[in-house]
Amino acid sequence: MKNLTLSIIAVIMAFVTVSCNQASNKNEQSSNDTAVVSQEQSASQPKEDDTVAAPVVSETPSSQEAKATGKGEAKNFSIAPIVTDYLSLKNALVSDNDKAAASAGKKLLATLNKVDLKAIPADKHKQYMDIADDAKEHAEHIGENVGNIHHQREHLASLGEDLKDLIDLFGTSQTLYQAHCPMFNDGKGAVWFSENKEIKNPYYGSKMLTCGKVEKTINSK
Amino acid sequence: MSLKKKIILGLAVILIGIQFFQPLRNQSDEVTASHIERVYNVPQNVKAILTQSCYDCHSNNTRYPWYSLIQPGAWYMARHIKKGKEELNFSEFGEYSARKQRNKFRAMAGQVKDGEMPLSSYTLIHRNAVLSPEDKQVLIAWFSTMEDSIK
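Chains as they are written, first to last, in the working numbering: chain A, 1 to 221; chain B, 1 to 151.
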């Protein structure tokens, strides 16, 4: 009798397994499909929405070209919210505060996810997507790494480069100072941006607060 | 039948039952066109280390040990592999933007240098995936060269 119950249970389990597997396979497939569709949509949307017939840029335009055609059109789109979040993240790391850095990282990620992609000029769309894709990853990691401030700082270094490229593309609405820390990343150096001229190094915090120098002043537009 | 026996029997049934729930295997014979070894010239010694210590969780092809067939070990492992591939997938490395590739090389060097990777929970069982100091040097040097080569 007991053996019978056991075998019944086993058979039921086997059936459930099979049906579960099928269901999950289907789910995976359909979610893959939607992913493709939404990607296509986001790629085609900016072209459709532009009233001015923007040239279809399939290859990455050289940065000079982008500068020549850009800037003026970028009026609707501003990276100001991204800059604001970056600055509070940077300041958290200046004061060696991993928890504040993590929450600033999460906020930056949320801001990046909220960006209205349609507002970005078509000729800069691809470049923006590359940068944002990368920046999101760094922001996410910083958010997840309470207790590992060194790792948060490594990601800040990559974010600094992302921000530099964003500023090159879209300009900034507030005056920023681009500073350089020669020691970070095994002597390869790292940039950071600050709202103040005064050096406060986010890569080493209190250990070497005044190490580094301002390379460039970026005026607001 | 005593209560104790029933409980043991129940557990045995559950244990046998979950053996039927095997996650999909992360295995593929194909070396994808965007695999790092197709996109970059990976030196033999680097390749050997990557295969031994990295590809199990960071590529589309895992060498499964026997115990990964036994549940719940297989679930645990599948979760690790999923997360690992999300962070970095050598089989899709060529699909990353130049920016992302550069950052990945930098991050790899950092993770190896800090001893964060391979994960200690992984090397606990896979003893041969442990990186020797020489292995680390080789990897870090190559990652660093690659980082600088991508502009």
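Source of the hints: derived by calculation from the structure; they are not laboratory data. Treat the hints loosely; a few may be bogus.
Unchecked claim - No farther apart than 20 angstroms at their CA atoms in a straight line, the calculated lysine-lysine pairs in the PhoX-like style are these:
no., chain 1, residue 1, chain 2, residue 2
1, A, Lys164, A, Lys188
2, B, Lys47, B, Lys85
3, B, Lys113, A, Lys188
4, A, Lys188, B, Lys4
5, A, Lys213, A, Lys200
6, A, Lys126, A, Lys107
7, A, Lys136, B, Lys83
8, B, Lys136, A, Lys136
9, B, Lys113, A, Lys126
10, A, Lys136, B, Lys100
11, B, Lys47, B, Lys136
12, A, Lys99, A, Lys207
13, B, Lys151, A, Lys188
14, B, Lys100, A, Lys126
15, A, Lys200, A, Lys99
16, A, Lys106, A, Lys126
17, B, Lys100, A, Lys164
18, A, Lys188, B, Lys136
19, B, Lys82, A, Lys136
20, A, Lys136, A, Lys106
21, B, Lys151, B, Lys136
22, B, Lys83, A, Lys164
We went through each hint and held it up to the structure:
For a cut-off of 20 angstroms, the pair hint linking Lys164(A) to Lys188(A) stands: about 17 angstroms separates their Cα positions. Between Lys47(B) and Lys85(B), the direct Cα distance comes to roughly 18 angstroms. Compliance with the 20 angstroms bound is thereby established for this hinted pair. With a C-alpha separation of about 15 angstroms, the suggested pair Lys113(B) and Lys188(A) falls inside the 20 angstroms cut-off, and the hint holds. Of the supplied pair hints, the one linking Lys188(A) and Lys4(B) is violated, its CA atoms being roughly 65 angstroms apart against a limit of 20 angstroms.
Pair hint Lys213(A) plus Lys200(A) holds up; C-alpha atoms about 9 angstroms apart against a cutoff of 20 angstroms. Among the hinted pairs, Lys126(A) with Lys107(A) is inconsistent with the structure: their alpha-carbon atoms are about 24 angstroms apart, more than 20 angstroms. Between Lys136(A) and Lys83(B), the direct Cα distance comes to roughly 16 angstroms. Compliance with the 20 angstroms bound is thereby established for this hinted pair. A threshold of 20 angstroms between alpha carbons decides the hint, and for Lys136(B) with Lys136(A) the separation of about 29 angstroms lies outside it, so the pair is violated.
Under the criterion of a C-alpha separation no larger than 20 angstroms, the hint pairing Lys113(B) with Lys126(A) is inconsistent with the structure, at around 33 angstroms. Of the supplied pair hints, the one linking Lys136(A) and Lys100(B) holds, its CA atoms being roughly 11 angstroms apart against a limit of 20 angstroms. Annotation: proposed proximity of Lys47(B) to Lys136(B) holds, straight-line Cα distance about 13 angstroms (limit 20 angstroms). A hinted pair counts as satisfied when its Cα atoms are at most 20 angstroms apart, and Lys99(A) with Lys207(A) qualifies at roughly 18 angstroms.
Proposed proximity of Lys151(B) and Lys188(A) is supported: the alpha carbons are some 14 angstroms apart, at most 20 angstroms. The straight-line distance between the Cα atoms of Lys100(B) and Lys126(A) is roughly 14 angstroms, inside the 20 angstroms bound, and the hint therefore holds. For the hint linking Lys200(A) to Lys99(A), the alpha-carbon distance of about 19 angstroms falls within 20 angstroms, and the restraint holds. Distance restraint check for Lys106(A) and Lys126(A): the Cα-Cα separation of roughly 24 angstroms exceeds the 20 angstroms cut-off, and the hinted pair is therefore not satisfied.
In summary, the hint linking Lys100(B) to Lys164(A) is supported, as the alpha carbons are separated by about 15 angstroms, within the 20 angstroms threshold. Pair hint Lys188(A) plus Lys136(B) holds up; C-alpha atoms about 19 angstroms apart against a cutoff of 20 angstroms. As the CA atoms of Lys82(B) and Lys136(A) are separated by approximately 19 angstroms, the hinted pair is consistent with the 20 angstroms bound. For the proposed pair Lys136(A) and Lys106(A), the alpha carbon gap of about 9 angstroms is at most 20 angstroms, so the pair holds.
Straight-line distance between C-alpha atoms of Lys151(B) and Lys136(B) comes to about 24 angstroms, which puts the hinted pair past the 20 angstroms bound. Restraint check for Lys83(B) and Lys164(A): the C-alpha separation of about 29 angstroms exceeds 20 angstroms, so the hint is violated.
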